[in-house]
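Asker: If you're matching them up, the sequences are chains A and B in order. Numbered according to UniProt numbering, the first sequence spans residues 1 to 458. Numbered according to UniProt numbering, the second sequence spans residues 1 to 317.
In case anyone wonders, no lab produced these hints; they're calculated from the structure. One thing to keep in mind: the hints can contain errors.
[Said to hold, decoys possible] Okay, derived cross-link-like pairs now, DSBU-like style, lysine-lysine, Cα gap no bigger than 35 Å in a straight line:
(1) A:143 - A:80
(2) A:80 - A:53
(3) B:124 - A:80
(4) B:224 - A:53
(5) A:186 - B:147
(6) A:186 - A:36
(7) A:53 - A:38
(8) A:324 - A:36
(9) A:186 - A:53
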Amino acid sequence: MRSSRTTALAVAGVLSIGLLASCSSDDADGTGEGGKVKITVAGLLPTADDAAKEQLAERVAAFEEEHPDIDVETEDYEWKASTFTTQLAGGTLPNVFEIPLTDGKTLIENGQLADIDAQVRALPYGDDFNEALLANGTGDDGKVYAVPAKSIYAVALHYNRNLFEQAGLDPDQPPTTWDEVREYAKQIHDATGVAGYATMALDNAGGWQLAAGANSRGGVIETFDGEQYTATLDDPAVAEHLQWLHDLKWEDGSLLDRTDLGWGDINTEFAAGNLAMYTSGSDVYNSLVEANGVTADWGYGLTAIPTSGDGGALTGGTMAAVTKQSTDEQKDAAVKWIDWWYLSKLQDQDQAVADARTRAEADPAQAVGTPVLPIFSKENYEQSLEWVADYVNVPLEDMTGYTDVMFDQELVPEASAAVQDLYAQLFPVVQAVISDEDADVDALLATANEAAQQAIDG
Amino acid sequence: MTTADAVRTDRPPALARRERARTPATWVRRGGLSSLVLALPLLLVFGIFSWWPIVQAVVMSVQETNLIDPPTFVGLENFLTIFADPLLPTVVRNTAWFALLALVFGYPVPLVGAVLMSELRRRKGLYSVLAYLPVVVPPVVAVLLWKFFYDPRPEGVFNTILGAVGLGPYSWLNDQAMAMPALVLEATWAAAGGTVIIYLAALIGVPSELYDAAEVDGASVWRKVWHVTMPHLRGVLFITLILQVIGTAQVFLEPFLFTNGGPNHATLTVMLWVYQLAFTSIGNSFGEATALSLLLAAFLAVMSLVYFRLTRSWSQS
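Let's have the full structure, built from the sequences with the hints guiding it.
Answerer: In structure tokens form, the structure reads like this:
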């Protein structure tokens, strides 16, 4: 009796201590083995295939050889508002992470990014950035908190050349107006039974693509008079694009009947041959190869987004930033990695060739040469393409609809203030139009605009 | 008796103090310490994983944070923002709609199933396993499976089946009116098995003599169920009802995985909105999310109290 009670007490005590001990944290002081600086960096999409992972691993190994005092660990990464905030809250973001170009200002204002001004300015090309792009990562204090990286793109129209052929359309003559897109979509649907067109409608991606449609028709979703930002979700061009989607769905039956397609889902459906045309960033081919198994002979076609009036192509892109919790040593190492992985291949011939070679020689090969917009200058971009000319493996001849006009087309920057909130207000309207034939677009947009203005006013 | 004596003897406060001072020792001698040490692991687990987060939630509901720097106090601003948000009526309505649908369709299904199964003479075990099977399927897998069933194309599983009898094709999750009932259907399928088992267990406790007596009296099956089975299930029925209401008010998984609140907010529930406020805005809505979840918790607590008050007299049978 006596002893069993003592045992129970001892067990209980040990349990409590163990529990307390397990609640204390360790690690995360930033130094790895042997005094090395350890940084974690955003790697590939979680869906990336083995070839892409091998290519990244090779680049990491080469970096560590060059910088023996730095230990780099990659983490799968996909920018989603939800996972990003969760990681931010949990303190589990990698030291180097990627954000959409347009979120830079908000994150800087919120005090959520590390100041990497000194390190970036010290890069050999620190003063050569396209100023308009770098402005997205610069705070009101003039300091750099994030740099344009990976790819800067314009929204373009992606299409399935095989479906064009099956419907008796010439894949070398892609549509150039929205009316033509509608016509082609119907023809493809009638001939093949496959949806002729699809749009992202889930989460902010849905709002993003609606904005792209509106921009192409000469509308904007936000104006700035020098002092005050005004939400203009009720711009006639927004309603016009929604009406166009409405007609595809309810009159032609050629729109993919899905209100739950996000950025990745629509790529998957496209790669599976379930839709013929959709709009997304001009660089999405990289991801189609990396995550969806699309190859150069798949039948992929890329052309400019149709524009009318003074409309243009919505631009966007990715910036690399560093977590605020990083130590000074980690910040130095982080910018070195940003230079190595994202930027030096645009500035240094050896780096460009090394990167292109590992991508092209991966099995299956990763895309080299997907058209994007220049981070530095047009000359620099063309120069870097020349360096890797031997390794370019994307079907450039099937992308001329885009590459012929990419430097001449009108470009529209994304809204500056609270852009994610604007998108969040817009996507339910896209869903409404797809799911309800009698949706009152004007009323929905009026409500959305009110909420968007509140978000801007903060 | 001197004054000093009187003072000394008539000092009950001091005496009480001395007794109080001995109390902890008495408490230890009576085994209080051992009980405390025994309870400690449990107290710590509850404290760290249940009570401390609740305290933190209350604190966070009056703060604004960028999730990195120390938060700032903003008073009731988060609550006011929530009340002013035009989405609030929508999410409350949606949640109530889900709860109502789940009550009308989901609540009777396991009961009917359990009563029918208890009437079976043979292969009772087999049917229990069949009924329980969906519960074993991981919820995320179940949702993905049903998403596949709900494929809006005419070739989709449900559309093919319904097409055979000349119905459809339906848009299911892509239709504002149909999305919520579609969610409830899956949720009912997924959860009914567990409730069936609870009812079956309760039914075992019904003395068989009562059925025999009823049969001797010439009672029909329906009368047996109504007059013998149901009274014995009453207590369990009350509990499953309140659990169901609390559960449906907090529904998250189905709308999150099926539709993420769409189309056009038709399936946006309170908990999903909490999640979206907290995690899908890069702004500073964390405080609003905690404020909203506190409001929901308070509402459910009050409702449970009222419910137990109302039903106390009935369930004491």
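Asker: Hint by hint, say whether it matches the structure.
Answerer: Going through the hints against the structure:
1. A:143 - A:80: 26 Å, holds
2. A:80 - A:53: Answer holds: residue 80 of chain A to residue 53 of chain A is near 20 Å, not above 35 Å.
3. B:124 - A:80: 48 Å, violated
4. B:224 - A:53: 67 Å, violated
5. A:186 - B:147: Within the cut-off at roughly 27 Å; holds.
6. A:186 - A:36: 60 Å, violated
7. A:53 - A:38: Answer holds: residue 53 of chain A to residue 38 of chain A is near 20 Å, not above 35 Å.
8. A:324 - A:36: OK: residue 324 of chain A and residue 36 of chain A at ~20 Å, within 35 Å.
9. A:186 - A:53: 40 Å, violated
Hint compliance for this structure: hints 3, 4, 6, 9 are not met, and every other hint is.
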